[in-house]
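**Student:** Residue numbers (UniProt numbering), protein chains in the order written: chain H, 1 to 298; chain V, 1 to 298.
Careful: at least some of the hints might be erroneous.
Because identical chains cannot be distinguished in the list, a pair is counted as satisfied if it fits within a single copy or across any two copies.
Unchecked claim - Heads up, simulated SDA-like pairs for lysine to any residue below, C-alpha to C-alpha not over 20 Å straight-line:
{"#": "1", "residue 1": "K5", "residue 2": "E61"}
{"#": "2", "residue 1": "K142", "residue 2": "R118"}
{"#": "3", "residue 1": "K131", "residue 2": "D247"}
{"#": "4", "residue 1": "K142", "residue 2": "Q79"}
{"#": "5", "residue 1": "K142", "residue 2": "T126"}
{"#": "6", "residue 1": "K131", "residue 2": "F189"}
{"#": "7", "residue 1": "K142", "residue 2": "S81"}
{"#": "8", "residue 1": "K142", "residue 2": "N17"}
These aren't lab readings, by the way, just hints derived from the structure by calculation.
2 protein chains.
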Amino acid sequence: MTDIKVLRLDRADHVRNDPSLLAAAASDGAIFLLLDGLTPRFDAAGRIAWSRLSNAPADAERVFLGMDGGRGCFALIPQTSDGASMRSVRDLAGQLDAGDFSAYSMARSLLDWHVRQRFCSRCGFTTTVAKGGWQRNCANSKCAAVHYPRTDPVVIMTVEWAGEGGEPQLLLGRQAGFPPGMYSALAGFVEPGETIEAAVAREVHEEAGLAVRDVRYISSQSWPFPSQLMIGCHAICDDGAITTNSDELEDARWFSRSQVSEAMLGNGPGPVSVPPTYAIAHWLIARWLAATGTCAPQ
Amino acid sequence: MTDIKVLRLDRADHVRNDPSLLAAAASDGAIFLLLDGLTPRFDAAGRIAWSRLSNAPADAERVFLGMDGGRGCFALIPQTSDGASMRSVRDLAGQLDAGDFSAYSMARSLLDWHVRQRFCSRCGFTTTVAKGGWQRNCANSKCAAVHYPRTDPVVIMTVEWAGEGGEPQLLLGRQAGFPPGMYSALAGFVEPGETIEAAVAREVHEEAGLAVRDVRYISSQSWPFPSQLMIGCHAICDDGAITTNSDELEDARWFSRSQVSEAMLGNGPGPVSVPPTYAIAHWLIARWLAATGTCAPQ
Chain H
1 MTDIKVLRLD RADHVRNDPS LLAAAASDGA IFLLLDGLTP RFDAAGRIAW SRLSNAPADA
61 ERVFLGMDGG RGCFALIPQT SDGASMRSVR DLAGQLDAGD FSAYSMARSL LDWHVRQRFC
121 SRCGFTTTVA KGGWQRNCAN SKCAAVHYPR TDPVVIMTVE WAGEGGEPQL LLGRQAGFPP
181 GMYSALAGFV EPGETIEAAV AREVHEEAGL AVRDVRYISS QSWPFPSQLM IGCHAICDDG
241 AITTNSDELE DARWFSRSQV SEAMLGNGPG PVSVPPTYAI AHWLIARWLA ATGTCAPQ
Chain V
1 MTDIKVLRLD RADHVRNDPS LLAAAASDGA IFLLLDGLTP RFDAAGRIAW SRLSNAPADA
61 ERVFLGMDGG RGCFALIPQT SDGASMRSVR DLAGQLDAGD FSAYSMARSL LDWHVRQRFC
121 SRCGFTTTVA KGGWQRNCAN SKCAAVHYPR TDPVVIMTVE WAGEGGEPQL LLGRQAGFPP
181 GMYSALAGFV EPGETIEAAV AREVHEEAGL AVRDVRYISS QSWPFPSQLM IGCHAICDDG
241 AITTNSDELE DARWFSRSQV SEAMLGNGPG PVSVPPTYAI AHWLIARWLA ATGTCAPQ
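Please take these sequences and the hints and turn them into a complete structure.
**Tutor:** Right, here's the structure in full:
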C-alpha cells in the first residue's frame, strides 16, 4: 500500500474498446484499488487505498475503471462478493469524500456484477471478461450472448400535502430494518414499461395508499449497494388519508415543517431522525424544507 | 381471438406476492396477451389482441401483468425471443395507442427477460418463475440467487449552443443504421457509479467532443426494445466545436431553429428528418423549438 491519490477518474470509454490502448493503460504507472472482497482499504489519510498494478497477482482478472491523468486505474475481480451489512455500507458512504465515493461506487457495482454474471443467464455456459471489464461474453459459440453491467433505476420521492390546517406536511415512512426512530422518503424500483413519473405514482399508492400529481424530478445519485441509480422526485398529494402497506413499511405519516426541521437538526438519537447527508433522501428533505420556508411557489 | 379490450391495467403488485390472490386472478374472466414470439397480434380494430386464459396451453409458463377491473391479465413466456428488426419495432411503436403501448411494453420487456434469464448468472443452474413472473429463483439450493427483471436507464439529450451569430443551435447526430437523412438527439446508457447529469455530460463529450453545463431533466419514456428507461434531458454548450466520434456516430452537427422546424414538418423523405412522434427524441426536439421560439428564458 503506497500513498497514491487519484485526482480525477476519467472513464475513458474509448480505451475499453481498444486492446492496444487498454494494454498501454495497464503498463507503466498503472494502479489498482485495494479491496477486501468489495470493502475498500484505507490509506493513512483515510482515503481509499491504491497500489501499483505491478503488485497485483499475475492471474487476477481486472476491470478498467478509467484514466487518472496518464495512468490507468483498475480493480481486480474477487472470487465472491462479501456480505457487507447495511451498517458497514452506511459507514462507508459517510466516510468517503465525493471523488473517492464516485470511484469506489463504479468499482463496487462493476465487480459485484462480475461475480453475479460468471455464467450466461441465457444458456448456463461460462462467460468471459471483455472490453476492459465492461462486458462479459458467453463462451458457448452457439449462444454468444453479450452481457452488460446492470444499473437499476429507483425512484425516491418527497410527497407534500397542504394539510388540514393549511400548514404543508411531508410524507415520510420507515421500514422495519431502519435504525430506531428513522423515517425517510418512500422509494422503489422502476419497473419494465414505466416512466419515472408513473413509478413515483405507483410506489406512493402501493406503500401509503395515496394519489399524487405533478411529479417533478429534483436530482439523482448513484448508490452502489449493489447498483442503483437513485432518481429523486417531488410530488403533490391532495387527500392525506394514509393507508400504510405493512408488507413494505412499518409506518408512514405526515410531518410538519417544524417536526422535519427538528429531525434534521437533531444530534444523537432523538425520537425522530432522517437519513444522514450521504443519502439523497437527506437532500430531498432539505430541499423541501427550503422550498416551503418562503412565500415563493415551489 | 375475441373482442377483448383492456381499459386500464393496474400492476397490482400485492397480487404478485400472494399465491391465493394470484390463483384467483387467473380464474374466471382472466385473459392473456396474444403474441407470436414477442410480436403482438392485432384485433379487427387494430388494438393488441387478448384471449381467455382458459384457451392457453395448460403447460404454458405465465407472467401476471396486472388487473383490468376485476380480471387478471397475463402473458405467456415464449421459448425464444424473436429477432424483430428495428424496422418492425418502429412500425409497432407508431401503431399502438398509449394504453396498448404501455401494456405491451411491460409484457415485452418482462417476457424477453424471462427468455434471457432461464439460467442463474451466478452459478449456471436453471431458474424457475416466482412471484407471478416478476422474479426468477435459482433452483440450486446452495446458491438460491434471486433475479429481478432488468430496466436499463438511458440518457437522451437535446444540447443547445448560442451559435456564432447569436441564433440558438441544436446538436443532433446520426448513427449509421438510421434511415437516410434522419438525425436525432444523442443518447447512451447510464453507467455504474454515475448520476443522470454525469451520464449526459460524458455521452455528449464521448460522442461529439463537447463540454456541457446546466443539465436539466425534461421527461421520461419506457422503451421496451428490450428494456430501456429513456431519461430525456437538456443541456447547454458554450463552445460549439464538434469532434464526431466515428465509432458511435456517422455525423453530428448543429442545426438552426428553421432547419429543425423544416425537419419536424417535412412530409416524406426530405434531406433531413427527425424521429417520429412515438420517440421521446421527437418531443425533446419539439420542446426545444417551443422554448426557443419565445423571449422567455429557458
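**Student:** Indicate, hint by hint, whether the structure satisfies it.
**Tutor:** Hints and how they fare:
1. K5 x E61: This pair counts as neither: shortest intra-copy Cα distance 23 Å, inter-copy 53 Å.
2. K142 x R118: both (18 Å within a copy, 16 Å between copies)
3. K131 x D247: For K131 and D247, the Cα distance is within 20 Å only across copies (14 Å; inside one copy 42 Å).
4. K142 x Q79: Answer is between; shortest inter-copy Cα gap is 16 Å, intra-copy 27 Å.
5. K142 x T126: both (13 Å within a copy, 18 Å between copies)
6. K131 x F189: between (28 Å within a copy, 16 Å between copies)
7. K142 x S81: between (30 Å within a copy, 15 Å between copies)
8. K142 x N17: neither (24 Å within a copy, 36 Å between copies)
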